[in-house]
Amino acid sequence: MLALVEGALGPGADPRAAEHGLSMVLHPGLGAAPLRWLALAVAAGEAPRWAAELLLAGVSCLGAGDTLRVTVARSLEPVEALRAERQRALGLGGGDRGNYQEHFQVLCRETQDPVTRTGRAWFAFALARRWAGLDALREPPEDPVDAWLATTAAFLVGESDERLVAHAQGLLDPVASGLPRLVTVVARELTEVVARPRLLQWAHLRCAAERDHASAAIRAWLRAASEAEPEEPLETSRTLGPEPTRAARAAAEAQVQAGEFLLDWYVSDREARSTVDRWAAKVLRVYHRLRGARLLARVLSTPGVRL
Amino acid sequence: MSSLDEGVRVLAEALSGWHRGASPGLLSRAAVLFDDASREPDPRAPVGAALARGLAGDLESARRRLHEALGAHPENAGAYLALGVLCLRERDPLAHAQEASWALVAARDLCPGVGCIERSLAQALCASGEFMAALQSARVALSLDRDDHEARLWSGLLRLYFGGDVSASTVLQELPPEAEGAGRSPAVWLGAVAGAYARGEFLTARAALRRVLAPLRPSDPVESALADGVRRWHRELRGFGPDVPMAPNRWLRDVGGPVSEYARTRAALMTFRETLAHRPVLEDPNGAGPTALAVEGLLGELEARTRRGMLAWGSRLLVRGFAEAYLPVVALLEAPSPELLAAMGLVVFDG
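Keeping their order, the protein sequence lines are chains A and B. Using the working numbering, the letters of the first sequence correspond one by one to residues 1484 to 1790. Using the working numbering, the letters of the second sequence correspond one by one to residues -9 to 341.
You may find that some hints are simply not true.
Unchecked claim - If you only want the chain B side, here are some residues facing chain A, beta carbon under 7 Å, derived:
1. Leu84
2. Gln88
3. Trp92
4. Cys101
5. Arg174
6. Arg221
7. Arg222
8. Asp244
9. Val245
10. Pro248
11. Pro280
12. Leu283
13. Met300
14. Glu314
Hints in this document: simulated from the structure, not taken from any laboratory. None of these values were measured; they are calculated from a predicted model. Note that beta-carbon positions come from the ideal geometry of N, C-alpha and C, so glycine has one too.
Construct all of the structure, not just a fragment, from the sequences and the given hints.
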């Protein structure tokens, strides 16, 4: 894997090597089975942990798509030490096929998990257009790559791109000398991320305006309607049960049938939605490259492991 | 006097003495007389027989007979009207609202320009959730008879909760004393509850609610269930706007207040508009970037769509709920109007 990474991103890199390298991650006949064996060996202490870290780092640095990254992350399930990295690799994606909502559901499955807190907040703000997500991202995350992701959300609301670029540069510094092409690739992708900030902000606001804001009020009404009466209208009357009228039941059922997707995610303005979705895909690609670079820097700090 | 005329006379007598229902003996006699009349090819007889049975509580038999009558005489508007009226007098009118709607639409198409058909259709369409069509029917009924209290009630209710026209609450509050003076039951005060609540007059609303509930005996299981239905609707009305009048800015609070997604999106758009005013966007190679005017348009669109959505959902909850609570109480306390019987053809032709 080290050779593949160096061949694709090192000083004398072949531009086609990244693609070749990624095609060699899975065995043509056995698929991900060798990766699972490696993971089991690491979990059993028969192989060093950095081997599993290197695998995930290499795949991320080379710019693997969602499918390959998720396959590799799932294969590494037995390695408990890589849980946090694996959770992020599994959850933060969706740009390749536009299935962000499914990835968001993966992130929200364990709502209290602090590892994916930034990811959840970023998805909530950038893709589900919930402002609470931006509030959550204002608290700087401990993980530096997550902190970079948080700066992209600030960029989305009109803040300068300087912090975003400087932060990425800082994350790449440890591997910049060994993998100069990784810096070039990330710089090129970052240029696309920060291009046309006002148009991006406009598209995001258009998407936010397209949400079904009325449904929030309906939910509140239905909640309030199910509360007990503060006082009885007739002194002699019996206590009213909590069941709603048929009309309220039908209104609530219609809400349920519309579902979270239609109420919170569906955006009919296709141009605006695709602008934001494409931008999110680019951000996530850079995010995983930066995460890979950071993991790789950790692997390279292991004695005896070098490019 | 023919059996049909006798049946009409007995049915009218039964309805004139309506007190939480008609005398079972009179309704039974009317049904038998209409059955006798059915031996002759008069399409009104099966309608009368079905109506008498339906008013006596046998809706299944009434529906079967009306469907048979419609199979034999599909041009018989009276049968459609009877079917619609009986469906609306059911204990659970929402469950039969669709059937009532199509029957009354057919009756209206066969006999256009009849006020009581339009009024009943407005009720049926409200119960089935077709609010715009219901409003049209209520307005047609009002255009035919400007003193039609029931049409005014439904029109006002739709204007208020579907159209967002707070001025309609005045109509709803002024209507019940007038309607009660014209012989209507205290059930009409439920409209005043809706109107007073929208104006933030909560004590008035509670007083009106007491008037609706007053004739319903808590000891009677049927009437007690109707009273519970009314109170449930009132509880949901409270949920719609707990102790806050339906003032023009009320809906802003309903979408969640200043920290809601709506309010924050709106604030972000306004900030963006200010930014554009100072620094126009020069990023789009096609020159089609956002302008302050485009942001203004989006702000208007956002507000209009949200208001419309809230009104649509609110009316599903409140206008349908009103139909669910109000129609069974009216069916208990009031007989079908003579006007409806005349529209079904159940009148004695003395000329």
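Hints, one by one, checked against the model:
The interface hint given for Leu84/B is met, as the beta carbon of that residue sits about 5 Å from the closest beta carbon of chain A, less than 7 Å. The beta carbon of Gln88/B comes no nearer than 12 Å to any beta carbon in chain A, farther than 7 Å, and the hint placing it at the interface is violated. Hint status for Trp92/B: violated, given a least beta-carbon distance of 19 Å to chain A, over 7 Å. Contact between Cys101/B and chain A, as hinted, is not supported at the beta carbon level, the nearest pair being about 30 Å apart and thus beyond 7 Å.
A least Cβ separation of about 21 Å between Arg174/B and chain A goes past the 7 Å threshold, and the interface hint is therefore violated. With a cut of 7 Å, the hint placing Arg221/B at the interface with chain A holds, because the nearest CB-to-CB distance is about 5 Å. Interface hint at Arg222/B: satisfied, since its Cβ lies 5 Å from the closest Cβ of chain A, which is below the 7 Å cut-off. Annotation: interface hint on Asp244/B holds; nearest CB of chain A at approximately 4 Å, less than 7 Å.
Given the 7 Å rule on beta carbons, the hint for Val245/B holds: about 5 Å separates it from the nearest Cβ of chain A. This hint is violated: Pro248/B has a C-beta 11 Å from the nearest C-beta of chain A, more than the 7 Å allowed. This hint holds: Pro280/B has a C-beta 4 Å from the nearest C-beta of chain A, less than the 7 Å allowed. Hint status for Leu283/B: violated, given a least beta-carbon distance of 13 Å to chain A, over 7 Å.
Given the 7 Å rule on beta carbons, the hint for Met300/B holds: about 4 Å separates it from the nearest Cβ of chain A. Because the smallest distance between the Cβ of Glu314/B and any Cβ of chain A comes to about 5 Å, under 7 Å, the interface hint for this residue holds.
In summary, the numbered hints that this structure violates are 2, 3, 4, 5, 10, 12.
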